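So the protein sequences, as listed, match chains A and B.
First residue of the first sequence: 1, per this note's numbering; consecutive thereafter.
First residue of the second sequence: 115, per this note's numbering; consecutive thereafter.
Capping the alpha-carbon separation at 20 Å, the derived lysine to aspartate or glutamate pairs in EDC-like fashion look like this: (1) A/Lys5 x B/Glu155; (2) A/Lys37 x A/Glu15; (3) B/Lys158 x A/Asp31; (4) B/Lys158 x B/Glu219; (5) B/Lys158 x A/Glu42; (6) A/Lys56 x A/Asp24; (7) A/Lys37 x B/Glu154.
Calculated from the structure, these hints are not laboratory results.
Keep in mind it's a predicted model, so treat the numbers as computed, not measured.
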Amino acid sequence: DQQVKQNSPSLSVQEGRISILNCDYTNSMFDYFLWYKKYPAEGPTFLISISSIKDKNEDGRFTVFLNKSAKHLSLHIVPSQPGDSAVYFCAATTRGGATNKLIFGTGTLLAVQP
Amino acid sequence: NAGVMQNPRHLVRRRGQEARLRCSPMKGHSHVYWYRQLPEEGLKFMVYLQKENIIDESGMPKERFSAEFPKEGPSILRIQQVVRGDSAAYFCASSPPAGTSGTNEQFFGPGTRLTVL
Chain A
1 DQQVKQNSPS LSVQEGRISI LNCDYTNSMF DYFLWYKKYP AEGPTFLISI
51 SSIKDKNEDG RFTVFLNKSA KHLSLHIVPS QPGDSAVYFC AATTRGGATN
101 KLIFGTGTLL AVQP
Chain B
115 NAGVMQNPRH LVRRRGQEAR LRCSPMKGHS HVYWYRQLPE EGLKFMVYLQ
165 KENIIDESGM PKERFSAEFP KEGPSILRIQ QVVRGDSAAY FCASSPPAGT
215 SGTNEQFFGP GTRLTVL
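Using the sequences provided together with the hints, build the complete structure.
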């Protein structure tokens, strides 16, 4: 039962253009969403998050959008840089419960072409 | 301020042996999480621990796997009688006590790559 889905295994973008990574979820109890970036042979690195009470959160070149009615969120990177090439994981959790475990999607491999 | 530390980074075991994976959380963090990433998959939650307590082990296989986070020392993920299907990357994450951070961000270590021959 995949509660968090990233349907695009890979994405290729030209340097300077916008990268849009998508994520869908099924569990309406999720109220906090995070994006992590992962390089090979390293652990995931936190990028940006959003609470379910918001529909947008921006941090520099990264913006996350949340559409609760569609159970969909997206990460926008603009402008994209070659150093952004990595696997991006979407994750979701329910705050305030007994556990703060993160439920991850399967990841999207972003390749930014110089 | 050192980040989450895991050792060893790479571990090779033969079938039937035991694997011990260690995780030292970030300073000031009392919550530890273990995740497993199988090849070509995302990270899957295994267990959530606080000092001396297992809070949620809903993602742990029922047999051969155990975890602890003692009062002193690192958190340990122990896999007994390893099988080839245990080959994966095991990541540890830590977070501060509840209420001390405005986010649910978990900070991840570099992972231990377990290979079972």
